[in-house]
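Peer 1: Once you have looked at the hints, place chain B on chain A.
One-letter residues, chain by chain:
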Amino acid sequence: MHKGKQGIIIRKEAFELEMGQPVIEFDGVTKTYQKGMHALNDVNIKIHKGEFVFVVGRSGAGKSTFIKLIMREETPNTGDIYVNGYNLSKMRRRDIPYFRRSMGIVFQDFRLIPTMNVFDNVAFSLRVVGASNREIKRRVAQVLSMVDLGSRARAYPRELSGGEQQRVGLARALINNPALIIADEPTGNVDPNMSYEIVELLTEINRRGTTVVMVTHEHQLVRDFNRRVIMLENGRVVADNLEGAME
Amino acid sequence: MRSFRYLVKEGFKNVWSNRLMSVASIGVLVAVMVLIGAAILLSVNVDMMLNTLQEQNVVMVYTVDKATEAQAREAFSKVQKISNVASAEFVTQEDGVKSLINDMGDQYKELFEFVDDGDQKGSWLPFGMRVSFKDLKKFDETISEIKKIENIDHVNDQRELTAKIVNIRNLVNSAGLIIIGLLFITALVIIANTIKITMHTRKLEISIMKAVGATNHFIRTPFVIEGILLGLISAIISTLATYGLYTVVANKVTSMSVSVVPFMSVLWIVIGVFLVLGVITGCIGSIISIGKYLRKEGSEFRAF
Numbered sequence: 066m067h068k069g070k071q072g073i074i075i076r077k078e079a080f081e082l083e084m085g086q087p088v089i090e091f092d093g094v095t096k097t098y099q100k101g102m103h104a105l106n107d108v109n110i111k112i113h114k115g116e117f118v119f120v121v122g123r124s125g126a127g128k129s130t131f132i133k134l135i136m137r138e139e140t141p142n143t144g145d146i147y148v149n150g151y152n153l154s155k156m157r158r159r160d161i162p163y164f165r166r167s168m169g170i171v172f173q174d175f176r177l178i179p180t181m182n183v184f185d186n187v188a189f190s191l192r193v194v195g196a197s198n199r200e201i202k203r204r205v206a207q208v209l210s211m212v213d214l215g216s217r218a219r220a221y222p223r224e225l226s227g228g229e230q231q232r233v234g235l236a237r238a239l240i241n242n243p244a245l246i247i248a249d250e251p252t253g254n255v256d257p258n259m260s261y262e263i264v265e266l267l268t269e270i271n272r273r274g275t276t277v278v279m280v281t282h283e284h285q286l287v288r289d290f291n292r293r294v295i296m297l298e299n300g301r302v303v304a305d306n307l308e309g310a311m312e
Numbered sequence: 005m006r007s008f009r010y011l012v013k014e015g016f017k018n019v020w021s022n023r024l025m026s027v028a029s030i031g032v033l034v035a036v037m038v039l040i041g042a043a044i045l046l047s048v049n050v051d052m053m054l055n056t057l058q059e060q061n062v063v064m065v066y067t068v069d070k071a072t073e074a075q076a077r078e079a080f081s082k083v084q085k086i087s088n089v090a091s092a093e094f095v096t097q098e099d100g101v102k103s104l105i106n107d108m109g110d111q112y113k114e115l116f117e118f119v120d121d122g123d124q125k126g127s128w129l130p131f132g133m134r135v136s137f138k139d140l141k142k143f144d145e146t147i148s149e150i151k152k153i154e155n156i157d158h159v160n161d162q163r164e165l166t167a168k169i170v171n172i173r174n175l176v177n178s179a180g181l182i183i184i185g186l187l188f189i190t191a192l193v194i195i196a197n198t199i200k201i202t203m204h205t206r207k208l209e210i211s212i213m214k215a216v217g218a219t220n221h222f223i224r225t226p227f228v229i230e231g232i233l234l235g236l237i238s239a240i241i242s243t244l245a246t247y248g249l250y251t252v253v254a255n256k257v258t259s260m261s262v263s264v265v266p267f268m269s270v271l272w273i274v275i276g277v278f279l280v281l282g283v284i285t286g287c288i289g290s291i292i293s294i295g296k297y298l299r300k301e302g303s304e305f306r307a308f
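Top to bottom, those sequences are chains A and B. Using the working numbering, you'd call the opening residue of the first sequence number 66 and step up by one each time. Using the working numbering, you'd call the opening residue of the second sequence number 5 and step up by one each time.
A hint or two may mislead.
Computed cross-link-like contacts, BS3-like style, restricted to lysine-lysine with a CA-CA straight-line distance of at most 30 angstroms [stated by the list, open to error]:
(1) B:151 - B:102
(2) A:133 - A:100
(3) B:70 - B:152
(4) B:17 - A:202
(5) A:111 - A:155
(6) A:100 - B:296
(7) B:85 - B:142
(8) A:202 - B:13
(9) B:168 - B:256
(10) B:151 - B:85
(11) B:207 - A:133
(12) B:142 - B:168
(13) B:207 - A:100
(14) B:151 - B:138
(15) B:152 - B:102
(16) B:296 - B:207
(17) A:133 - A:114
(18) B:207 - A:155
(19) B:85 - B:113
(20) B:138 - B:168
(21) A:111 - A:100
(22) B:85 - B:141
(23) B:82 - B:151
(24) B:296 - A:155
(25) A:202 - B:207
(26) B:296 - A:133
(27) A:133 - A:111
(28) A:133 - B:200
(29) B:141 - B:17
(30) B:152 - B:82
In case anyone wonders, no lab produced these hints; they're calculated from the structure.
Chain A extracted, bound-state conformation:
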């Protein structure tokens, strides 16, 4: 373990990907739940550093399982998963928190704490990793201005629009300067105009080098942004538009 750039405690190996090693790799992954249903069936995916990937599919296609596996909330029945240089199949339970610090997550329902203002909601992620108050102030101000919410730091979630709340969620995901952002239907609860703004923000974050994986079912949005699209159906990858990633 060592202290990262922001005095944040991370595991040394977290960001040390070998040359050419994917940020996310699913190698023959099958996940079956108790009912015997294949949530994912022999999935092989490689997502490299700096990519922006949309994961699409109908309800029940396996998108949720895909994210649960990436976050090491579930483990596969067969196959291996590598994320940010960690082999999730061999990961010890006590290493999971440190692994999760290497990524940021954006939720569909924002998941902001209603009793905390914007500043504290964003600072929360830094407190968890033991950052100093000075560091927290500096980083939160920086990230809030990045998502254009610098003036709303003292506002409470209930005083914000859906789009603004999602930007707070995004700021929280970014605060630890993660190598990977997982966005789970981030536009699901915001109006269409705001959806574009959110994805543009994610694109901007991606332009700065962060890998972004966004799960969505909004096909129009996917078409308009023209990125790599992985399509899941009945737990299998039925399309992987790698060309999008090349642009």
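Peer 2: Chain B in isolation, oriented as in the chain A frame:
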């Protein structure tokens, strides 16, 4: 350290934001602790009574009837020399009669004078000695040592009474321990439930904590601090409540000419027991519920 300060603050916040539940659990904990306090105080008082009785535990040693005063006094000096004898007092025949009249009533005075041999009052009585012991454990040995002395006839002791009181004390102590044990478990359940409720109200926070990489230790600490805090507050209130109740009861009992142990002399025992109990129940109670929670619900942090 930075994190710890933050987590302590969060623990205090938990107690406050969950104040209704906190007040309820403090209330029940205080009741439990006051009962425990009552058990302790009862035990301490029975102990004191026993000690007082033991201190007053005077055995009467009598000489044989035919012993002269000189022989009796010689025996008395031998009794005094026994190492376990704390004090000894010679009782003349005259004092013996006085004591009998005192115990039995003036109506027997004439009868006693009638059996007297001339002017020598109580000549029909043996000489006596009031003897108390240093170490009651050596009671039997000391009695047999006394009995070996020449001209000593018999010894009247209060062993039965002492034994009864010892039995009562043992009963009070073991009943007290059982009650304390049961109440301790009750206190644990109460704290565990309160913490569980706090955790449910902070479910969202915990789920986000897990998602952003908080360790279980980080998640657990505020709840443990909340539990300890509830225990400590209860301990302080319980000490005051026990003091108040004891003072009222002690005043009533003292007015019946029974002496009780002053509260101040057991204050530190009571505070100590309450604090230890509060901290331990708070700590264990919260660890039990958070542990269960983190294993089960805590891991399902995403709302798909």
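Peer 1: State for each hint whether it applies.
Peer 2: Here's how the hints hold up against the structure:
| no. | hint | in the structure |
| --- | --- | --- |
| 1 | B:151 - B:102 | holds, 25 angstroms |
| 2 | A:133 - A:100 | holds, 18 angstroms |
| 3 | B:70 - B:152 | holds, 17 angstroms |
| 4 | B:17 - A:202 | holds, 21 angstroms |
| 5 | A:111 - A:155 | holds, 19 angstroms |
| 6 | A:100 - B:296 | holds, 25 angstroms |
| 7 | B:85 - B:142 | holds, 15 angstroms |
| 8 | A:202 - B:13 | holds, 18 angstroms |
| 9 | B:168 - B:256 | holds, 25 angstroms |
| 10 | B:151 - B:85 | holds, 14 angstroms |
| 11 | B:207 - A:133 | holds, 19 angstroms |
| 12 | B:142 - B:168 | holds, 18 angstroms |
| 13 | B:207 - A:100 | holds, 27 angstroms |
| 14 | B:151 - B:138 | holds, 18 angstroms |
| 15 | B:152 - B:102 | holds, 28 angstroms |
| 16 | B:296 - B:207 | holds, 13 angstroms |
| 17 | A:133 - A:114 | holds, 20 angstroms |
| 18 | B:207 - A:155 | holds, 28 angstroms |
| 19 | B:85 - B:113 | violated, 35 angstroms |
| 20 | B:138 - B:168 | holds, 20 angstroms |
| 21 | A:111 - A:100 | holds, 28 angstroms |
| 22 | B:85 - B:141 | holds, 18 angstroms |
| 23 | B:82 - B:151 | holds, 11 angstroms |
| 24 | B:296 - A:155 | holds, 24 angstroms |
| 25 | A:202 - B:207 | holds, 26 angstroms |
| 26 | B:296 - A:133 | holds, 21 angstroms |
| 27 | A:133 - A:111 | holds, 17 angstroms |
| 28 | A:133 - B:200 | holds, 26 angstroms |
| 29 | B:141 - B:17 | violated, 56 angstroms |
| 30 | B:152 - B:82 | holds, 10 angstroms |
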